[in-house]
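If you read the protein sequences in the order shown, they are chains A and R. Under full-length UniProt numbering, the letters of the first sequence match residues 1 to 654, in that order. Under full-length UniProt numbering, the letters of the second sequence match residues 1 to 626, in that order.
Some clues are possibly wrong.
To give a feel for the contact side, a few chain R residues facing chain A, derived at Cβ under 8 Å [to be verified]: (1) Leu108; (2) Leu111; (3) Lys321; (4) Glu363; (5) Arg417.
FYI, nobody ran anything at the bench for these hints, they're computed from the structure. This structure is a prediction, so every number in the text was calculated from the model and none was measured. Note that CB positions come from ideal geometry on N, CA and C, so glycine has one too.
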Amino acid sequence: MLQTNLIQNAHADLICDASYNFYGTRLATGGLDQRIKVWRLDEQSGEWSVEDEWKKRAHDAAISRLAWAHPQHGQLLASASFDRTVKIWERVGDVGTNPGSFSGVGSGAGASSDRWVERALLSEAKGSVRCVEWAPTAFGMKIATIASDNHLRIYECLESATATAPGGSGGSSTGLNAAGNPSAATPPDSVLGINMSTPGAPVTTPGPSQPWALTWSLIEDIDVSAMPLFTILPTTGGEPASPAPGQSVPLATTTGLGGSEFTTVSGFDTTASVSATATTSGGAGSSSPFIGGKQVLGSTATTLTSTNAGSGSNIAALGNSSFGLSSQGGSGIPSVVAPTGGSPGNTVNSSFGVLLGSPPTTSAFGGLGGVTGLGNVPPVSGSSSGTVHTSKVGNSTVSNREADGGWDLSWCKDPYWGEVCAAVAGGSGIIKIIQLQAGQRPRGVLFLDPRPSSSGSGETLNSRGATPTSTPHLRAQQPGSQFLSPHHPTSAAAAAANHSKPASPKPSSLATTSISWAPSCGRSYHLIAAGSRDGKVRIWKVRPPPPKILDGEDEDETDADADEYEDEQRYGGGGGPNNNNKTSWSASIVADFEDHASAVGKVAWNITGTVLTSAGNDGRVRLWKCTYGNVWRPMGSLDVIQSDDVIDGDRMEE
Amino acid sequence: MTKFNKSLAEHRSGILDEDLSEDDLVWFNGIADEYLICLKMDKERLDDQDPWPEAAVAHTEILYAIFNLFQAMNLPANGSLGGLVGEELLEWLNTNFIAPDSTEAIELQKLNSPWDEDKWWQYLIRCILRGLTRAAVVFLESLKQHPSKALVQHAETLINFLTTHPRSTKFTTEHDFFSAWRQWKARVSAFRKRLEGLLENENEEWLSWVLEIVQIMEGDKATIKRYCESFDEGWKEAICVWGVWVDVGMRRHHIERTLATIFQDLPLDSTLPEEHVFAALFQSQVGEVIKRSNELDIWLAAHLADMMQPLGLLMDIEGAKISLRNHMILNYAEYLLVDPSLWRISALYMCDCGEQGKIRADEILLRVPLNLGISKGKQKTGHMEIKEDDPVDERVLEILEICKEYGREKVRREICRIAGRTFIDQGRYNLAISYYTSAEDWIGVSRVVDILLSRSLKGDTKEFIASVTEIAPTLRQPSSYSQISIRRRLTFLIKYAEFQTRWQNGDLQDAAWDLITMFREELVPKSWWGVLLKQAGDMLIQDENIMPFEVSEVYELLRRLEEVQSRASQGSGLDYLSALVPQVSKNGEIEALRQLETVRLALARYFARCSVLAVGGRGRILPQTA
């Protein structure tokens, strides 16, 4: 692999996320400086240069995630932030549109470059928004967001394609106000403006030159932590028909924790580097670039990760939190992170990860003193300073601090299966696969639990009154419901384990920091990759119900898959030899790597779902690939600081 | 090399289900030849480079040798897999590992008494081993100058042996070959025994060399192995000469066993990946071939697998969802994308890998940057240089062409939708309509229609007319749209543009006719009634001398006006006025209604004039002549 480019001093502060557009020709970056920049690839020279730059702050707190819309929706960019909002931006001003004519909207939004206009402000979240992702285009213009309040929110944009809306020039603001969204018209710098907006109120803005109006409305608001597992079949025996409430790790207390703490970290090298795989079959597209730095945190579609370099900084000072600005009583209490032991290596685990919910965080908060250090954190509105709750989950202690949690979501890319989204929220690390159906309540069709089955029985099993020992890998006791633990003795996992290094030091949290649903590309199963704070990269093979269930096809057509189903059911179906379990989703773990040996910040698939990229606090971006024998193997890795790389070879096993 | 893949796919599709005939093998042999030609050209290209890329050249040579061996082992030129293999292997060896060096021969022949040099004898022996009869005979001829008459005589005998050595390629039946060979070998054995007798009495150095030569001719395994060991090619040299000198009846299925005995004395160099590939090919261990090739070169593995599949050599893993061949080809296709400009080739490879490959190709095709409207070589940061009237970027046409060729209709439509959206942003509405139509995205088409109509309201009527005129003539035929709503929308757009054109040209009467027709055919969207009524009013007062409407048409307009006003009084005014409201300066609907009042007045006055003048219809009021 070659590093093809290094963007020096991309931002004035740490970069939190970097996101490629659909073609990999543009890169949006956002960070602690609350600004967004868009970089453009010169396809001839391969150089990246800044194309657009937000002159004002895009958000009132650090930007956590950026996501480009499918180009058939135009040039739209969604940004999520720790200021609890998501904004939708549109690039205007190409030929055929007059940038000047939208200055009303643009300046009203106030946080835009000349060409990027704020089109919507979504402010329903009660905590920092950690992820925003556009739904597959087949479902229209939709985005899903997840915030630290554990809520998965789905917004839909409806175009009222009438000639009623005014054209671009003149009078556009009438259209905007007519839609009746106060927040859109509020000066952006006002925090009040954000909080004032009515939750769920549609946000309407006119298109630039378009005579149609875009209306964003909240169509689903799901508390992921409290989401029960949906059961298809009637239960047997005396078990309750519906799962007991609170089966998931009770992280509800984190609601209202808000963003806590922090901002600038001194001494960090705010550099982004872009590199492309040049030898192995790395990502798709020219540039499967990685943005480098010691802490590797962001990533998007074409195996891209972003990060921030921290070289040799031993002391990270937490200045007054930009987040605090939006919280009442946020008087900007400075908090200081203690030296992390003097070793440059240790500083990797510094405070930045706290923001992103990725690295081990005990050292980041209030020094090495552990959770008590949180006292330094400015209280957030509505929550007391005593926001740290710990609960025993099996053998491991799970802290309910926001800093220990992980929030992420990923859409199923294949529209065939309907609107399905994987989400993870809080500290439990359980990935919940949620099916969204028009006119029906969203339902959790499959839960993937990364906790070791021996230790993680915790509340889940107990709350369901199940016997923890009878089926150790199985969390769901009802037929048709799946609640899986990865620690199955599958051959693939066992083979994968051969490549894993010895276990890393005991993790502080089991939270899943990043999930990514692979494009299925014609495969009959799905792959979901998960990176977690305990340093593991896992790949789940998820199998949807056979098509006959959905389509009512003849059974004959799916007989070929039957064996495989039974194989899956041994791990996933539970409930004994019940063939009817074929009617539901099932999963098994096919890879479990510990190579990062420190918290994993981000996992991402290439566009064909054949190569997984993971970035960890060990400062390396690692690539994983499946052999013909269905064994996942390391394919190579690169060091984001040194730019040197190690190719493990494109191995193939028969 | 992709061009072969297609024909290969076509050919094998017809033969996959049956056993391969000899003709098929010959055909595949031709395909392998094509690959070899490509590799040769590649090597020549590398040879021309300065500085000479030594490693790359060596790598290409290895690839050539491997592919060539695959051909020799699996695709005999005569199509007979059961035939004798010795000559084919020897030919492979002589093609790919050229030895001995001819310059060395020239040097040696310059010597006065070359037979004094060990090198000379070794050279001679290697020529004989490799079946290079002509070179060997030339060397032996020079022995005639030797002072020893005995040796001169022996040289004669050896030349005779070499020139009469039965080679399987020279015989039409194996029976003839074997009997000739047995007779020949009996003569060699007899001569060897004589020599051995001589060796007991004489102590000439040349005698032992001659004996070695005769032992090789007789197929003495130990001697041949000993010599092969001293050569670079080692075990490869041994196995390739084996079928000519030792086991002339060697067939392909014997090789594995023979090689096992050779390996006992001449082990392979396990540090070189190509050695493993060679060995696996000789031993017909297909899985090992693919695995080791993959370590050596991803192109090689993919194309070997591609050739092996139709030959029935590949065994897929049980339960595998994808064939090994497809897996390797897809791997290679993805690897190609390291250079994004190779997307075409990558997509073509993927499209040849069944449905799953095609779906992967979809993803690749979808993500080729369309670069619409960006002139080549002028991509500057922050500035998109748009060429006016630039033909659509060739790239998008090329992608769409590939999609069509492989029946990727879904992707073709998606790309069209993306292009349509981009053209909207760029203001190239005619192209946007074309692409949305091609994608059968009616929402997209109506979106463009809406934009165009709204532009007409912004005052730049000329631009609006120009934009509509630019729409491709075929698309301007509303009948080309199956969807009625789209048809009506587009018809309205075209008619409205015609109306505006006539009005702009001062052709008031025809413009009025257009306007009335639009109303009568119910083409006007309700939201546009206000606008058109307002424009009718403007026409009425434009030129007092022209009477654009007939009385019945005035009735029609009044009726429509009445409907708007009565609905407005019921609170539904915006249904009719929404296009007009943004045009008026202030007060929105109220002002719009006020303006329509003036239209009503104009209509009333016009009606009155019609009655008084008894015109009864449109026409120009001529100044009364005295």
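Here's how the hints hold up against the structure:
no., hint, in the structure
1, Leu108, "45 Å, violated"
2, Leu111, "50 Å, violated"
3, Lys321, "7 Å, holds"
4, Glu363, "5 Å, holds"
5, Arg417, "4 Å, holds"
Against the hints set out earlier in the document, violations occur for numbers 1 and 2.
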